[in-house]
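K.L.:
The primary structure of each chain is shown beneath.
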Amino acid sequence: MSGRGHNLPPTGVIGAERPRIDARVRATGQLHYADDLSLPRMLHCRLLRSPHPHARILSIDTRAADGLDGVELILTGEAFPVPYGILPISQDEHALARGKVRYVGEPVVAVIARDERTAQAGVDAVVVQWDVLPPVRDAIDGVGPLEHPLYGEPGTDSVHKAVSFDFGDVDGGFADADRVYDDCFDYAGNTHLALEQHASLAAVTEHGRLTLWSSTQVPHYVHKALAKVLELPEAELRVVAIPNGGGFGGKSDIFHHEMVVAKAAWMLGRPVKIALRREEVFQCHRGRHPVQLRLRTGVKEDGSITAMHLQTLVDGGGAGSYGVASTYYTGSLQTVTYEIPTYRFQGCRVFTNKAPCGPKRGHGTPQPRFGLEIQLDKIADDLGIDPAELRLRIVEHDGAITANWMRVVTIGLADCIKQVVKSSGWNDKHRKLPRGRGVGIACSSYLSGAGLPIQWNKMPHSAVQIRVDRSGLVTAYCGATEIGQGSDDVLASCVAEVLGLRSTDVRVVTGDTDLCPVDLGSYSSRVTLMMGNAAVDAAVHARNAIAEALAGVRGVPADQVRFFGGRVLLPDGDLSFAAAVKLAEVAAGPIGSVGWYTPPKPVARYKGGGVGPTPTYSYTAAVVEVDVDEDTGFIDVPKIWIAHDIGRALNATLARNQVIGSVYMGLGEALMEEQAMRRGRPSGHGAWVHRGPSMLDYKSPTHLDMPPVHVDLIERPDPEGPFGAKEVGQGPLLPIMPALANALYDAVGVRAHEVPITPDKVLKALARQRAGKDSTFGDRPFPDGVPWPESVRVPTPADGGDGRAAEAGDYAPGQGSKA
Amino acid sequence: MKARLTLTLNGDAVDLVCDGGDTLLEVLREGAGLTGTKHGCELGECGACTVLVDGEPALSCLLPALECDGASVTTVEGLGDRRLHPLQQAFAKWGGSQCGYCSPGMLMAAKALLDRTPHPTADEVRLALAGNICRCTGYQDIVDAVLDAAGSR
Numbered sequence: 001m002s003g004r005g006h007n008l009p010p011t012g013v014i015g016a017e018r019p020r021i022d023a024r025v026r027a028t029g030q031l032h033y034a035d036d037l038s039l040p041r042m043l044h045c046r047l048l049r050s051p052h053p054h055a056r057i058l059s060i061d062t063r064a065a066d067g068l069d070g071v072e073l074i075l076t077g078e079a080f081p082v083p084y085g086i087l088p089i090s091q092d093e094h095a096l097a098r099g100k101v102r103y104v105g106e107p108v109v110a111v112i113a114r115d116e117r118t119a120q121a122g123v124d125a126v127v128v129q130w131d132v133l134p135p136v137r138d139a140i141d142g143v144g145p146l147e148h149p150l151y152g153e154p155g156t157d158s159v160h161k162a163v164s165f166d167f168g169d170v171d172g173g174f175a176d177a178d179r180v181y182d183d184c185f186d187y188a189g190n191t192h193l194a195l196e197q198h199a200s201l202a203a204v205t206e207h208g209r210l211t212l213w214s215s216t217q218v219p220h221y222v223h224k225a226l227a228k229v230l231e232l233p234e235a236e237l238r239v240v241a242i243p244n245g246g247g248f249g250g251k252s253d254i255f256h257h258e259m260v261v262a263k264a265a266w267m268l269g270r271p272v273k274i275a276l277r278r279e280e281v282f283q284c285h286r287g288r289h290p291v292q293l294r295l296r297t298g299v300k301e302d303g304s305i306t307a308m309h310l311q312t313l314v315d316g317g318g319a320g321s322y323g324v325a326s327t328y329y330t331g332s333l334q335t336v337t338y339e340i341p342t343y344r345f346q347g348c349r350v351f352t353n354k355a356p357c358g359p360k361r362g363h364g365t366p367q368p369r370f371g372l373e374i375q376l377d378k379i380a381d382d383l384g385i386d387p388a389e390l391r392l393r394i395v396e397h398d399g400a401i402t403a404n405w406m407r408v409v410t411i412g413l414a415d416c417i418k419q420v421v422k423s424s425g426w427n428d429k430h431r432k433l434p435r436g437r438g439v440g441i442a443c444s445s446y447l448s449g450a451g452l453p454i455q456w457n458k459m460p461h462s463a464v465q466i467r468v469d470r471s472g473l474v475t476a477y478c479g480a481t482e483i484g485q486g487s488d489d490v491l492a493s494c495v496a497e498v499l500g501l502r503s504t505d506v507r508v509v510t511g512d513t514d515l516c517p518v519d520l521g522s523y524s525s526r527v528t529l530m531m532g533n534a535a536v537d538a539a540v541h542a543r544n545a546i547a548e549a550l551a552g553v554r555g556v557p558a559d560q561v562r563f564f565g566g567r568v569l570l571p572d573g574d575l576s577f578a579a580a581v582k583l584a585e586v587a588a589g590p591i592g593s594v595g596w597y598t599p600p601k602p603v604a605r606y607k608g609g610g611v612g613p614t615p616t617y618s619y620t621a622a623v624v625e626v627d628v629d630e631d632t633g634f635i636d637v638p639k640i641w642i643a644h645d646i647g648r649a650l651n652a653t654l655a656r657n658q659v660i661g662s663v664y665m666g667l668g669e670a671l672m673e674e675q676a677m678r679r680g681r682p683s684g685h686g687a688w689v690h691r692g693p694s695m696l697d698y699k700s701p702t703h704l705d706m707p708p709v710h711v712d713l714i715e716r717p718d719p720e721g722p723f724g725a726k727e728v729g730q731g732p733l734l735p736i737m738p739a740l741a742n743a744l745y746d747a748v749g750v751r752a753h754e755v756p757i758t759p760d761k762v763l764k765a766l767a768r769q770r771a772g773k774d775s776t777f778g779d780r781p782f783p784d785g786v787p788w789p790e791s792v793r794v795p796t797p798a799d800g801g802d803g804r805a806a807e808a809g810d811y812a813p814g815q816g817s818k819a
Numbered sequence: 001m002k003a004r005l006t007l008t009l010n011g012d013a014v015d016l017v018c019d020g021g022d023t024l025l026e027v028l029r030e031g032a033g034l035t036g037t038k039h040g041c042e043l044g045e046c047g048a049c050t051v052l053v054d055g056e057p058a059l060s061c062l063l064p065a066l067e068c069d070g071a072s073v074t075t076v077e078g079l080g081d082r083r084l085h086p087l088q089q090a091f092a093k094w095g096g097s098q099c100g101y102c103s104p105g106m107l108m109a110a111k112a113l114l115d116r117t118p119h120p121t122a123d124e125v126r127l128a129l130a131g132n133i134c135r136c137t138g139y140q141d142i143v144d145a146v147l148d149a150a151g152s153r
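First to last, the sequence lines map onto chains A and B. If you read the first sequence in the working numbering, its first letter stands for residue 1, the second for the next number, and so on. If you read the second sequence in the working numbering, its first letter stands for residue 1, the second for the next number, and so on.
Careful, some of the hints might be misleading.
To be clear about the criterion: a stretch of chain B counts as covered by chain A if any three or more of its residues have a C-beta under 8 Å from a C-beta of chain A, and this derived list gives those stretches [stated by the list, open to error]: (1) 1-14; (2) 69-81.
Some chain B residues near chain A, calculated using beta-carbon distances under 10 Å [what the hints assert, rightly or not]: (3) Thr35; (4) Lys38; (5) Gly40; (6) Gly44; (7) Glu45; (8) Trp94; (9) Cys102; (10) Ala112; (11) Arg135; (12) Ala145; (13) Leu147.
No wet-lab data here; the hints were simulated from the structure. Don't be surprised by glycine CBs; every beta carbon is placed ideally from N, CA and C.
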């Protein structure tokens, strides 16, 4: 099914710069977030969280807490026998810990009381006896047999997922190369730091049904998990996603506190609310995985790539979360920007005793992208080719199917590169600025929505219902979730464009599992493309219903009924939209419609090929300029230029906002943000607590750190997107970290192979440089001992493959094309 | 220990009852029902809870409510007088609010700046708002909005 809206007559909504439909309510403080809700007789919940990274729970004594005035209910893991997890294959979490804890902050006991202070007093009065176990600190610590693995029996390892793929004749590709580059990189973990702390409110509402209002990006999946954990039918539960105060992936998992307050409200028959504190948000985490990378690339003297071999060692933290998908994502999008004829990918995720990692803006792909774009800079330098020119030589083309069977539809990357080269004055700056100043370039790509749902099924990924009231009010219903990115505006504007209305004429009802048809949620940059296509589909049906009814009444052909400027135009005169709806209702009854969207089937048909496909990829190129203070190691960024292949900007204001916000978050990752752990007291567990779970200790860029950003949107409508649109919320983050690292090299000749690139690291590197030593940092060797499985061999399109893995013995590398 | 607290809140004289340990933020959100003022850290690190106390920007999560007895407190609810304040209009126009969670604090800090310096430079805006974290916008649209509201753009 391809993109909708391409052949409709434009009515002036799509493409314009305009304030989002909810701009006013957001600027007045009157938008209600989850913690702004309250209900009569509401109780409050606090959680006792594990102080240990790894421990057995020997006993829990709640007697003192029970005796406190105002404490209504105390829950432990006994109340939650049913496990859950966002992925069907990783049902490894319980709302409250049962038997053991696996990271600092894992919830163990819930106290529900008349107010927060009483609940906290109850938590403080609970006595837990622990048997502290040695923690798995880093991914490499968990790859061998362990006395105490996080999951599984003693003597097993702590590996969560390990995969190996050979796409084509990789060894032959390396043999064909003139040069082989082999680099290691070390990408630190970091967190979303959405300004709103997670909050949830549950209550038994009308007809005895349970409702959960929550700051979640994925109400549909929370709905399903809630049904499983509470052992209640889905139809008896309602989940409402309250507009999130920022998500970035941090609210796209199913959280303990959501299950706990729902269970408590169900048991007590009273509303129960929880609002997390900032420290708890750091413990919920689900942020960027720390990844160690080894990247080998074979190239010809002209810069063309003959083979690539990527290894990723992924530090997963204490739960499965999205981790299986994350592991695949560290490899799957490595191929969609440049022509890479043969590709070997090996990824391994290991459980460690730290807060669970998950999806943060870019989900698994910024880490390998960082390595690739820095290595390309080195290759360009060696081959004497300008790094922008090198990328232009090897850029993928429209309609390509990559070695790992990812389908490229349109790729505007060459235009993006040319644009940033021009806007930044690249040719006058690269290798030409005085020492201390430099520029770097990097590119990237991201999904416009995952091609497959998290829980595989053949139903639509997004559906929209439209109700047209005789007053002329149009209401669009969709399960999509407004997390601040502007999804409500996209929904309203797609409908408005088709019906010839203003976006503010369309009311939207979103994120409510009772009222809205399913949309899978705000993750993988899927909303604009998938909900947008569903919205256009629904709106076209509503428009046709009105047009056909009017055509019958007036005796004109339906295709001569046009919708524009809030009016309906007929050959014999025009009507207001409301008058037209009334006439249509007389003739044909109330007007309503549905529309939906299901992405095209991926061309990858091997196991694991379900992670990476998308209806269409977005592309980005960025140039970062730096000014390095060699006395302090401080990197100032005077300006960033970025061009993003968006296909079509549905609302140019929102699109630019998203690009600049992505640049900002990428700059934070590049320079300062880190979910850093430190060794705890030796008298306790000896290891691994968060270095500073607060907004002061977790450094993020302020107004003073943010440079001006020059944004160019490259608009070449993509056939898969609504009105040609691709994603914009994640892709523009990815090139910032490698572009900054490349700029550092241009400025002072130091290679950074890790993030964050902090002043202390730069200073040490400059000292090594002055001493005549290698100044590269962050390139510690990729560890031996990772238990790679036998590689799955997948013939490439050039080999004449069909997207499936070869049967053992069926495919001999180096045979060349079978076709 | 319950205590009485008198404030001039968004121009109206109000009497509130609070716990001795309550912060101004808690009293505003839970006692006075003004949920427009947000919390991001409760430690004075993010600026989301910024309100004006006697015209000066203050982090309401750090202020003991009883210390404000008799003070004039302005929250985001008191910013526009039934119509949008020029700052709010500019935030809406420029996309200065994405998720909107930082906006109430950002708006109050910006109002304090404009009350003091009606026509600030971009650097003055950045400095005045440096204590207010925003994770969505990258700040550029916020600075543009404040300059626009001040007629400096």
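K.L.:
Is the hint on Cys102 (chain B) kept, meaning its closest Cβ partner in chain A is under 10 Å away?
P.N.:
This hint holds: Cys102 (chain B) lies near chain A, its Cβ roughly 5 Å from the closest one there, short of 10 Å.
K.L.:
Under 8 Å between beta-carbons, do enough residues of the segment 69-81 of chain B, three at least, approach chain A for the coverage claim to hold?
P.N.:
holds (count 5)
K.L.:
Can you verify the interface hint for Leu147 (chain B): is its Cβ closer than 10 Å to any Cβ in chain A?
P.N.:
Status violated, d = 13 Å.
K.L.:
Quick check on the hint: Thr35 (chain B) CB to chain A CB, less than 10 Å?
P.N.:
holds, 4 Å
K.L.:
Taking the least C-beta to C-beta distance, is Gly44 (chain B) closer than 10 Å to chain A?
P.N.:
Hint on Gly44 (chain B): holds, closest Cβ of chain A at ~8 Å, below 10 Å.
K.L.:
Quick check on Arg135 (chain B) please, does its C-beta sit within 10 Å of some C-beta on chain A?
P.N.:
holds, 5 Å
K.L.:
Should the hint that Ala112 (chain B) touches chain A count as held when the rule is a Cβ pair under 10 Å?
P.N.:
With a closest approach of 15 Å, the Ala112 (chain B) hint is violated.
K.L.:
Does the closest beta carbon of chain A sit nearer than 10 Å to the beta carbon of Lys38 (chain B)?
P.N.:
holds, 7 Å
K.L.:
Regarding the hint that Trp94 (chain B) lies at the interface with chain A, is the smallest CB-CB distance below 10 Å?
P.N.:
holds, 8 Å
K.L.:
Verify the interface restraint on Glu45 (chain B): the C-beta must sit less than 10 Å from at least one C-beta of chain A.
P.N.:
Holds. Min distance 4 Å.
K.L.:
Apply the coverage criterion to the segment 1-14 of chain B and chain A: a residue qualifies when its Cβ sits closer than 8 Å to a Cβ of the chain, and three qualifying residues are needed.
P.N.:
violated (count 0)
K.L.:
Taking the closest Cβ pair, is Ala145 (chain B) under 10 Å from chain A?
P.N.:
holds, 9 Å
Checked against the numbered hints above, the structure violates hints 1, 10, 13; every other hint is satisfied.
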